[in-house]
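Whenever a hint applies, use it, and build me the whole structure from the sequences.
As they're listed, the protein sequences go chains A and B. With the numbering used here, letter number 275 in the first sequence gets 275, and the count goes up by one each step, no holes. With the numbering used here, letter number 93 in the second sequence gets 93, and the count goes up by one each step, no holes.
Keep in mind the hints are simulated off the structure, nothing from the lab. Think of the CB as a built atom: it goes at the ideal place given N, C-alpha and C, for glycine as much as any other residue. There is no bait here: all hints are sound.
Computed footprint of chain A on chain B; a stretch qualifies when at least three of its residues, placed anywhere within it, have a C-beta under 8 Å from a C-beta of chain A: (1) 19 to 25; (2) 46 to 52; (3) 57 to 70.
Covered by chain B, according to a simulated footprint, are these stretches of chain A (three or more residues, beta-carbon under 8 Å): (4) 93 to 107; (5) 129 to 143.
Computed far set for chain A versus chain B, every beta-carbon distance over 12 Å: (6) ASP182; (7) HIS185; (8) ALA281; (9) ALA363; (10) ALA443; (11) HIS450; (12) ASN552.
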Amino acid sequence: MESDPGGSAYRLLPFQLRLQGSAASRGIAIGKAVVLSAPHVRLLHWRSIAPAERDHEIKRYQDAQRQLLESIRASLASAPTIGDTHAIIESYEMIATDPLIVDSIIARIATEGMPAEVAVSTAYDAHIHALAESNDPFLRERRFELENLRRKLVALLLSSDKSALPEVRNAIIVAPSLLASDVLHYHSRGVQGFITEIGGITSHACIVARTLGLPAVIGVRSATTIIPDGAEVIVDGSRGIVIVEPDAPTRVHYTTLQQEQQIAPPTISQPVTTADGLPIAVYASVDTPDDIPVALSHGADGIGLVRTEMLLVRVQHFPSEQEQFLWYSAIAERAYPKVVTLRVFDVGSDKIIHGMPDEANPALGLRGLRFLLHRKDLFRTQLRAILRASVHRNVRILLPMVTSVDELTATRDLIEAVKAELNAEQIPYDEHVPVGIMIETPAAALLAEHFAENVRFFSIGTNDLTQYTLAADRTSDLVAHIFDQLNPAVLRLLQYAASAARSRGVELELCGDLATFLMATDLLIGIGIGAFSVAPSYIPALKERIRTIRYNHALSLVEQALQKSHSAEVHALLEQHSQRSSHQSQKL
Amino acid sequence: MTECTMIERPVVVRNRAGIHTRPAAMIVKLAAQYKSDIYLESEDHTRINAKSIIGVMTLAAAQGTVLKLIVSGPDEEDAAQALAELFDSGFGEPI
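Structure follows, in structure tokens:
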């Protein structure tokens, strides 16, 4: 039954064993070790199933197959009816039930005695390899669908195998490495601490462990082979020490220490404030409805940016109002009651769709809002779809690439016209749907006070703002040394837009790459950024960083940074500042 | 089992995009509705089961390809007719 070669070969140790790793997340956890070996180990080292048990093994495969089909059908039921989505999901079902594959899996179990997961893996592999060698690009790409199905089926089989998914409540997970999503998953099932063989203390998994207050020690060499499954282990996440089968005095010592250190950990979804109490929102930037659950599980306070143009890239035609409505509604409903910011199609520059003019300088051409105002038919369709999706009152509209107040006025007129249509048709929507603009051109930053009178929020796009301010193409390697989002010229524009926003009560947000550069977080908060929008995986780290910031220090940092004459000085200042504050936090 | 004759008839891939995922799925879905054994054979005599999506996709039949449709079983006439019509329709795609 047991196909894992590592687990059974060792006995629990006669003596206490002490292992050194790196301190990744502080606190003390005591529990039984659950040792996870990598799936590939299980697939490589398998023992033949006894003939009498093969029927049972075939049934295991069939059960997993049934679960897979159920999940495919469930996703079919909830999938937006856009383009070929349905047909593609249906083809998944057909591949999974393909007689070629099903017969070959059953034959492998029945005649060769392969464990079900090995039979599935090898049967799919045979076809995947054949497809990968095909001359036809269409067929070569089909292998990804097979790989996806194989992975799901193997995961279902491994999780249905009781030896592969033991009870983990109050346990300590010992694994080669872990993903942030694994940490979240095990936490929800009652795991107390983590030990891994590899990983860096700044990895997302460790950040999540710290956020959840789960003790973790990483970099413990060969932990999965040294630590016997089921052994009692102590994780000292503050000192990076693991003690296996502790003797009585050690256990007493650590139990006492653990009780002294009991502190309520902040939950991952808790809103965050700076160390001195200024609330800062951390939003997720996403592309599709499927990204929403991921964003929420990483603790997003809302969705600060939905790049709706990704829908165009996906469907390869201009989607109808109904297609768009379903897509936006799926996003708004999944995030509800949290806010969702739909940025209207930002095409042009590096995202070209069919039918756009060929320009010598697309970054300076008909892109973003300019394109939409040029094609009001398309813009009107999108605005109708967005307004219809706003019915739950958690939708905001964001306009990209704005340079003049006229463009904002024209857009507001169009929104009003669409609202009048919806009123006439008695279609419900949010009358007070907030409208905001991207501050991503120097013109928008310099005219911020005029824009501020007509919008509810500004979202600063640092990538484009930097490109236009420094006249440096952000995709060109040759001017990469000039392109720097912390250039004092960019910071001055930020500061200028921030003061206009502050004086008129407009919310100021930032959604560029700069938001993920954690050394600059205090500077940005000092400038006046009240919300950041980042890829979901960055959220825990950013929240952790915000909790360490003191607003007063941030303000004085801004003053110094704005005096600098070039990028390198700003970077040096931030480095110096972050070293000083990490010394301070170590003293605490 | 009734006595099995066999129907063989040529079919042509008429749509511009050839047999990609969507048409392949249509063929398999239709074939699965019949009890008969249904095969498609390419000019190099590769014969695949029309109820197997991997088989049908592996044909990689481009526009203009002529395939031999081979049907054998209790409902072979209906099956052959239905599949031939599906090919003729170009799978509802631009021709």
